[in-house]
Amino acid sequence: MLKFVAMRLLQGAFVLLGIYAVTFLLVAATPGSPFSSERAIAPEILAQIEAFYGYDRPLGERFLTSLGNFVQGDFGPSAVYANRTVTQIIAESFPVSLKLGSISLLLALLLGVPAGILAAVKRNTWLDYVPMSVSMAGICLPTFVMGPLLALVFGLILQWLPVAGWYGPEFMILPATTLGLYYGAYFARLTRGGMLEMLNQDWVRTARAKGVAESTIIWKHCLKGGLIPAITFLGPALAGIISGSFVVETIFQIPGLGQWFVRAALNRDDFLVLGLTVLFAAMIVVMNLLVDIVQVALNPRLKYD
Amino acid sequence: MFLRKLRPYLGILIAAIFGLALASCRGGLPETEKAAREGILLIGNGTEPKTLDPHLATGVPESSIMRALLEGLIATHPTNDLEPEPGMAESWEHNEDFSVWTFHLRDALWSNGDPVLASDFVYSWQRILSPALGAEYAPMLYVIKNAEAFNIGEIEDFGQVGVKALDDKTLQVTLQGSTPHFLSMIKHSSYSPVNPRAVEEHGGMTDRQSGWSTLENFAGNGPFRLKSWVTNQVIEVERNPHYWDAETVKLNGIRFYPIDNANTEETMFRNDRLHLTNTVNPDKIAYFQEIMPDKLRISPYLGSYFYRLNVTREPLTDARVRRALTLALDRQLLVERVTKGGQAPASGLVPQGIPGYGASTTVQYDPEEARRLLAEAGYPGGQGFPGVEIMINTSEAHRKIAEAIQALWREELGITVGIYNQEWKVYLDSQSNLDYDIARAGWIGDFVYPSTFTDMFTTGNGNNDTGWSNPRYDALVARSRVAESEEERMAIFHGAEELLLEEMPIIPIYWYTRVLLQDPRVHGWYPKLLDAHHYKYVWLEPEGEAGGQ
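Protein chains in written order, with our numbering: chain Z, 1 to 305; chain B, 1001 to 1549.
Excised from the complex, chain Z in its bound form (with noise of 0.2 Å):
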């Protein structure tokens, strides 16, 4: 097991690298500057900001002193948002992000595997039809639906929840919902179909003629197997709800990571979207590991992979 984790670990620095350095290129590579605006520049402020910030290095001269700065940990200034640097900003706001991710997640689970588990066990009665049905619905609706119907009704008609900010724990319940409704529906789904496959085994249908209570077939015996799908999902999920936050972000006004993303790849500023995006890709490949090790724990089958 150590040895698994370790070469993934491996892995995942090499894929840290490509990343970075495919972000940084591809900066590098689109038209427009930090600085410009509606109103020009005089050409001297100009080269002065730019030799502030090292745009007027080469190409390769830059890549590897940032290159050289980030693993130190420095992730640079922000080149719009003047006395604020990159780590700054991300220490700001990735608490928040994790808040609601983390909340998100919980919510999906927590709302989508006991449905799909109770539409397995209830195969084709309304028990099984209803959760479907609402999930498939929930599986159509994008976020940038779902959230401004939320807001609506319990924020305007019902005037039971607060519609934006995040100033407190009433200002989570709407947008986790948003994301977690999503994800829930598929995490539903999927359930359904773990468990469904367990409880069609043989060895199950021996174990009711031999008398074993049914709860005992359910919770003991066929969860671990009947959760592998979801399992599987977590890491897909995980990455969804980290983009999906970028929609939620800006609709419930919660300052969170998404939004500066947003911002950063608007006004071209490099260093936040390379400090970002080597953020991401680094929670997705954490994530993914977990998400395997814990595969490999549920399902033994794996180890030999």
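Be a bit skeptical, because a hint or two may be false.
[What the hints assert, rightly or not] Covered stretches of chain Z (in silico footprint by chain B; criterion: 3 or more residues with CB under 8 Å from a CB of chain B, positions within the stretch not fixed):
no., region
1, 28-34
2, 165-176
[As the list claims (entries may be wrong)] Lysine-lysine pairs mimicking DSS-like chemistry, simulated, CA-CA at most 30 Å apart:
no., chain 1, residue 1, chain 2, residue 2
3, Z, K99, B, K1034
4, B, K1227, B, K1250
5, B, K1145, B, K1164
6, B, K1227, Z, K99
7, B, K1050, Z, K99
8, Z, K220, Z, K210
9, B, K1284, B, K1145
10, B, K1050, B, K1250
11, B, K1250, B, K1284
[Unchecked claim] Short derived list, chain B residues pointing at chain Z, Cβ under 8 Å:
no., residue
12, P1131
13, I1152
14, V1426
Simulated from the structure, these hints should not be mistaken for lab results.
Beta carbons: idealized from backbone N, C-alpha and C, even for Gly.
Chain Z is already provided as a structure; the job is to place chain B on it using the hints.
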């Protein structure tokens, strides 16, 4: 059997219902009422400010906040854009030809206890003009003698620049030429003083990354001081007890909310979380006029929406074609049916409302003349007119206007034009590189005076971007700077604008309005041409919707 299966979920269900019920009894009072009782104004401020350093900031959200924290020589008058409101300067004189101004500073303190001295202004203006700082708005100070030379590195001794502290309380400014409107110009944030001690202690005069303007280190001389700054959430300012006129300030604090999305902002306003919004979604203006007319505010704004014409490309090289394109547009129709924001159809470049400068009325809707000109240029009925395209930056609002104009030209002139959109930064590059046929453009004045518009189109000016060059125009603009009386100067501006409108390197479309939602409890917030409000005169009336007034 079913109920038993449901039992484990029962707990969650009950908890959820309980939680929602709790959430629904929200403290009773709406947020706006609570804030009004505490004397705190809640403003939607558009976007997270890039910086609060007045010498590096360039945008409107930044200046809204800086106006609460800093005060220059002349402050903003609450109602009258042309009347100078004393700020740090309690009195001033100028010489006969308005080229030397002397300001007498009042006794005032910075928020860190330092007295405000004339040398603070010398330091500050040297800072923004220092080439190493790379301040984008440094050209605002070029009216000062030798400021431009210092800024581009031609001279290195700031002593030669025309600003001197004659003593602790007297500041003398020598200008390049006669500038009677100097007092309007120095209201701009680029002329703002900064506390030299704070700047020096945190990086020095020319450090772009200086930490002096952060929450912990900010030193200001305005009616408010920074209380909290939660990135992307809220910037809160509280009453500054060191402010020279603290007794007049009625508000106890202001919270600026950086909300990028106009729809989210609208939802917040309707959810009683904001007293003032930054904008209103143009599609919903008519809707708000119906359901809350008392809260919708539409007022003129000193900005011009126009299309740039690339005069170096066929067929736009011919002035007759450009005039034809302009005269064929029914601007009244555009503002009534397409933009619907109460904008004024533009009959010239410089918007109406500048006191002393009657807006031009040259540009009208005259389809007959347009068709005649087009035929004269060699394209009767639009035949043979080469394909040209309108370039817009990606935005639904701009697209709607472009499509309307496309249809109007097809109808009136028989020509077909295309439309394409580019992402903002790419669009900016295309404009400066003259890589377009027709480009959508806009310009907001920096100060209330015609020159902020007419200066743009001189030969080679960085904001020209049309390729148009007319030596007579350049000569007129140059003469306006050395004219001897205000009447002469205004006449020269008129002459320059009419010359521009004869050759038509741009197509004026409409003059901006400022549209926002305002809670009736807010008082002292008057429509201003540059939307600059002096917060010390703003106050809130608590206890329900204010009747009348």
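Taking only the CA atoms, is the gap from K1227/B to K1250/B under or equal to 30 Å? Holds. K1227/B to K1250/B sits at ~17 Å (cutoff 30 Å).
Would you check whether V1426/B satisfies its interface hint, that is, whether its CB is within less than 8 Å of any CB in chain Z? holds (5 Å)
Straight-line alpha-carbon gap K1050/B to K99/Z, limit 30 Å: holds (25 Å)
Given hint K1284/B paired with K1250/B - CA-CA distance at most 30 Å: violated (33 Å)
CA of K1145/B to CA of K1164/B, is that 30 Å or under? It holds: about 11 Å lies between the C-alpha atoms, which stays within 30 Å.
Just to be careful, I want the Cα atoms of K99/Z and K1034/B compared with a cutoff of 30 Å; is the pair within it? Status holds; Cα separation ~29 Å.
Going straight from one Cα to the other, do K1284/B and K1145/B come out at no more than 30 Å? violated (48 Å)
Is K1227/B close enough to K99/Z, meaning Cα to Cα at most 30 Å? Answer holds: K1227/B to K99/Z is near 26 Å, not above 30 Å.
Restraint satisfaction for P1131/B [CB to CB of chain Z, less than 8 Å]: Holds, because the Cβ-Cβ distance from P1131/B to chain Z comes to roughly 5 Å (cut-off 8 Å).
Verify the interface restraint on I1152/B: the C-beta must sit less than 8 Å from at least one C-beta of chain Z. holds (5 Å)
Using a Cβ cutoff of 8 Å, are there at least 3 residues of the region 28-34 of chain Z near chain B, or does the coverage claim fail? It holds, with 3 qualifying residues against the three required.
Quick one, are K1050/B and K1250/B close enough, alpha carbons at most 30 Å? holds (28 Å)
Hints 9, 11 from the list above are not met by this structure, while the remaining hints are.
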